[in-house]
Amino acid sequence: MSLNPSMFIPVLPQILLLALGIVILFLDVLLPREQHRYLGWVAAVGMVVIMLAILPFMPQEQFQLTWGGMVRFDWMSYTFWMLFLFGAAVTALLAMDYPELGERGSFYLLLIASTIGMMFMASAGDLVMLYLSIETVSIPLYILAGFFVRSDESTEAGFKYLLFGAMTSAILLYGFSLLYGFSGTTDLHQIVLGIVQGKVSLPLAFTSMMLVLVGLSFKVSVVPFHFWAPDVYQGAPTPVAGFLSTASKAAGFAVLIRILFIVFPILGNQWAIVLAALSVATMTLGNLVALAQRNIKRLLAYSSIAHAGYILIGVVSGFSELGMVSVVYYLVAYLMTNLAAFGIVSAFGRVAGSDDMTAYYGLSRRSPGLALAMLVAFLSLAGMPPFAGFIAKVFIFAAAVGVGQIWLAVVGVLNSIIGLYYYLTVMKYVYLYRSENDDQPVPLSGSFKLALGVLVAGIVVIGVLFSPWFNWASVAARSMFF
Amino acid sequence: MDFILNNLLTLILFTPVLAAVILILLPREQDNLVRWTAFVLSFIPLILSVVLWFNFDPNAPGFQFSQKAVWYSAINSSYHVGVDGISLTMVLLTTLLTPLAILASFSITDRVKTYMVLFFLLEMGMLGVFVMLDLLLFFVFWEFGLVPMYFLINQWGSEKGEREVWRGRVIPARVYASIKFMIYTMAGSLGLLLAIQMIGAVSGTFDIPELFQRWTSLDGTLFGLPIGVVKAIAFWAFAIAFAIKVPVWPFHTWLPDAHTEAPTAGSMILAGVLLKLGAYGFLRLVLPLYPVEAKYYAGALGFLAVMAIIFGALASYGQDDFKRLVAYSSVNHMGFVVLGIAAAAFTYGATDPAVKQSANIALNGAVLQMFNHGLSAAGMFFLVGVIYERTHTRNLNDFGGLFPLIPVYGGILIFTSMASLGLPGLNGFISEFLVVRGAWPIFTLYTALAMIGLFFTGAYILKGIKQVLHGPLNEHWVGHVSEINRRELFVITPLMVLMLWIGVWPAWILDVINKAVAMVFNLI
Amino acid sequence: MQFPLLSFIVFTPMLAGLLILLIPGERKTEIRVAALAAGAFALALSLWAYFAYDVAAGGYQFVERYNWLPALGISYYVGIDGMNAPLVLLTGVVMFTGVLISWGIDDRPREFFAFLFILATGVFGVFVALDLFMLFFFYEIAVFPMYLLISIWGWKVTREYAAMKLTLYLFIGSVIALVGALAMYFTSGLGTFDMLALEQAGFSTAFQRVVFPFVFFGFAVLGGIFPFHNWSPDGHVAAPTAVSMFHAGVLMKLGAFAALRVGIMLLPEGARFHMPWIILLTLVNVVYGAFIASVQTDFKYVIGFSSVSHMGLVAMGFATLSREGMLGAGIQMFSHGVMTALFFAVVGMVYDQAHTREIPQLGGFRKFMPVVAVAFIVGGLVSMGMPGFSGFVAEFPIFMGLWNAKPSWLWANYTWVAIIAAISIVITASYIIRIIGKVFFGQPPAEFDGHIHDVNVLDKVALVFLSTIMIAIGVFPRLIVPLVQSGVDNVLRLLGGA
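Residue numbers (the working numbering), protein chains in the order written: chain A, 50 to 531; chain B, 874 to 1397; chain C, 2 to 499.
The set of hints was computed from the structure by calculation and includes no laboratory data. Think of the CB as a built atom: it goes at the ideal place given N, C-alpha and C, for glycine as much as any other residue. Fair warning: there could be bad hints in the mix.
[Claimed, not checked] Label pairs and their calculated CB-CB ranges: (1) C/5 x B/935: 47 to 57 Å; (2) C/298 x B/878: 53 to 63 Å; (3) C/205 x A/56: 53 to 63 Å.
[Stated by the list, open to error] So the derived list for chain C, only partly shown, Cβ under 10 Å to chain B, looks like this: (4) 324; (5) 378; (6) 400; (7) 413; (8) 475; (9) 483.
Build the full structure now, drawing on both the sequences and the hints.
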């Protein structure tokens, strides 16, 4: 196999990220302690540069398989790359001034490592590649979750995440091994041929699919494999929780779509039913339990679980173009919104010293701008216009109606109502309730304001001028079906 | 001049509003300025109605001075005004009584401006009913007139007196009277409203002359019921609404309270004009639109009229409150109006010229009685008000032998009472005679019974006069009651002149009425 | 390229709101003045749109269309016709007077006006929308500011409960309607949300009959239809004055209007099938609402329930599917909007001074605030449908519509509905008279002496403005009738002429 430059394009961002990581490694050693937070700027700017750098290398309409079929380069992966890079850049900015986190070079390195893994996850074409990339993503995240070694909560979070992650990884691997065993290949595109031709019997394919689903359900926190999420989100450093809930989940969904639509389209009816049931369970449980939460990070955790349920509706409708588009769109909207929410919680939680919801009483008086950003983020989570969350939900429900699953759309809609209730309740605390600290302003760093500003602007832009993003998502969706 | 003649009715109708607007712009504290401005401005509609009278051709059929303009085209309702002999007399009555009532109100001192503004709005409301030839706008003005009257009674009514309402709560009598008046009339109008809606929906127009043709020629079934049934229901809806206003016994119970508690000028207008709205409704709408039903139920109507005459008189006789006595006398006198109308209704479709002539006479009497009662009732209420202002009591037992103290007032009171009683030589006699003459061949029994009422009319009138003026002098009033003053004379004199004039030479007004009635009669 | 009047109308409030957010919070006077300027501007533009509409030409005018998401057939598509032009004007009027009335808000006026204006943008957007997606987009924008406005500046006793109840109710209604609308989109096969195209989509009768209740009731919830009216009285009472004015005056019309636009106009067969029993619900609204209003002791609850009753008349007019009935409904939306805005303004003025809304504890207010008393009397007369005022001009054709309604599969005619509904007029009259008498006349309780002073000139301007509109329409119906008539004709041609 000869090396030609075009082979490197599908892995270009990973290479550049690696370079960025090395740069940060050096800077971490060279920079004095007080200036370590500049690493955040380096990371963020670097990622933006990488995003710009891969702009000229857009994929073609039809997917390309390179590196022996291990890497599938198409619009879907390209879209997710951009998304992950953006998410990581913003996380870096948001975490920059978080004490004990943003000034540690290791944080950025782990972030980059995880992002590299996500890149591979989105463009994997092979079982081994898939598994490797999943682990590459997960292991840094386990560490990041338990980053605060002196905190019991953080350590518990990291440990829990590790244990559950490892266990479900094993199940995932077992599913993969079944597939490999009976089809004789690890290439996803060959495996599907094997299933179609009967080398892999349908019941067996179904079994391995279920096993794979278990593993991936953990990753995207779908009921009943969700129970790690609240504890981990609550215990982990808040910016990490933000990254976990968005980018990592998006990566999980990317893999889910890949596997379901590339390998198991023939079982479409079966997994649609399974996923629909999981979706209903996830949405409902996530929303209902969120109602009872007192800690805002746990609330956001359950809200994230519920949102995974909504995305699953899109996956169920994925055989229609609108369904696939809606999944991509939702992930984009959700990433921006949830990162904003967690970002605000991380900044304010540090100032207030508590993540209990009572700490948010009177936030609107302390910092009207921050409260407004929180309003935007939460209303977007609830699915209110003119924010991205609204459009995303409408597309998802439209997709469900479009494939005839009206009942699923109705369940989703009813769940949105429950969600609205607790999102508004939090906003009520922020705007209506008073506390003794009403007049103490909330100090926010420039980098934080920049990141939050970009996110809020993004939420609004994606919610109002959604045509270009929709078209982009359409191209990505179409690339799944060639 | 041409402009005035071309738009005469519109001008008559809206100059009161103009006057109200002018009054609003005047400073509130200048009571005298407000009063005199109001008085002067109120002459404008009067002058215009006199112009109208002289330019009216009694011999021409149909409605004159008619104008039509777009109002609510989407539902086929237009601003259509016009007068015939009947409405002309009513317009004249209204515009005549208003300046007199305003002059009588000069003794009001509380919120004079608001009072006068309400008065002009009231005048517009009443004039509107008389000149409107569009059923919807008729209703608009009918209802609209309620509001100023409500406030006049409620705010400027008699200060003393209380009524107990449910659960022991006590409210001022005037508040009670005004609310009863308003709710009673509105409830009655509800049926009217529904019937008007239905007529408009079914006929496709609200224009009254057109409806005379279209509505009466409707046939078949409507709303799943035979047209006869629908028309009968609509007839009663109309009839009850108007019957409450007239008032026909037994729908009269709002009247004693409203008339008694209203301020003097309010009672003058209430008895003088407002009651005529109901009778006018019968003449203009009920008889022409529902001739068959009117004939069918005329007997019942006649019966109720007689009850009003008899019981009204009896109730009057039994009163101790002078004003309440006069109030019940209105029930009594309006009974004659209804008797005349009922008699005429009963003869629908008759061909015998004698019968037709009787009906004609009865209707003549009814309309003239409307005019006459307007004059005499206004006069009586005014005179009650005069004595009340001086003595602050209306209780007949408190008076006694006042004639020597206030001879001029006494004379005027006797004069006006005689007109009310129906003394030959004064206007009351003419109209009551005509009604009796006309109704006798048609409703002989009822008319005979009505004579009982006539007898008691005399009784209560004489009782009233006796208790106030004659008998032993009540020492209490010596030096405490002053003679009728010049302003008050100005109020009562025109009324007295008219009462005498019509009593002696009624032709000038009867001619107009007669020709109009004949044409309406032809319609019937 | 004509002046994009409607876009200006829709977006000016939001832009103004965002700009107001930039003003520092302590500069309260600047904030109020900016808000007033924005309100006046919106009013001027809506007046322009109202009077510039060419009734003879009919149809949709001032149309603007821009692609929003061509792939799904979503466009930014606006236009006014005879039905929504009065509502646009109404919103401008209520926005303007609402700002005048809210001059005294002292706790964070900046956020208050900002949220109020976002609400206004949402409302304007729904009224002029000709694209189904766009309608929903702006409809939802109008929902969440209500929550914040009521819960933050509302009446302390019930504001949190009422705000949440209101928001959830409205949201539930709108998402149910959304599912119906999505069903319409996919079934039509046209791949567009353009409502004018969807009107011609030719949905099967069965489809229409199934989907209509969802769409209609989803929106009619906001219109206060029984039995989903429960959010309304609490919401009205808990909200601050200007928000109540908006809520009853405009927002409830939003629901009725959307029910018309999306329900009746896009699913006429469904409408024809369901209206006979829906009219029963509207009848309950009208009569029951009036009854409940008459037994309330809290002044604001009386007005709140009377809104339920009057909106019932609007729904009833639409339910007759007749020319006159819809005409009346269209006029009633405008007339009631102005009237109820006035009512709530008056209630607010009384409450600000007396600090109680319990009718037995009030009295003699005409001595303190005569202009307010007169304005309330005018509003009261409109409320009972007194001829000479806009209420009569609106209610009369609704009743005529009942008489003229065509036979349906359920009833041969609606005469009995007319008779029963007429009872509500008497009930309304009785409680209005009672309230006027108790609150404004009679003797003021002793504790008020010296504590109550008259309202300021801004309040008076607002009241006089609102009263004048109602009297003008009562005397000159042609100010509104031809316009609404042309709008109704637009609707009727979809119903196959009625």
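Checklist entry - Which hint numbers does the structure go against, in order from smallest to largest? => result none
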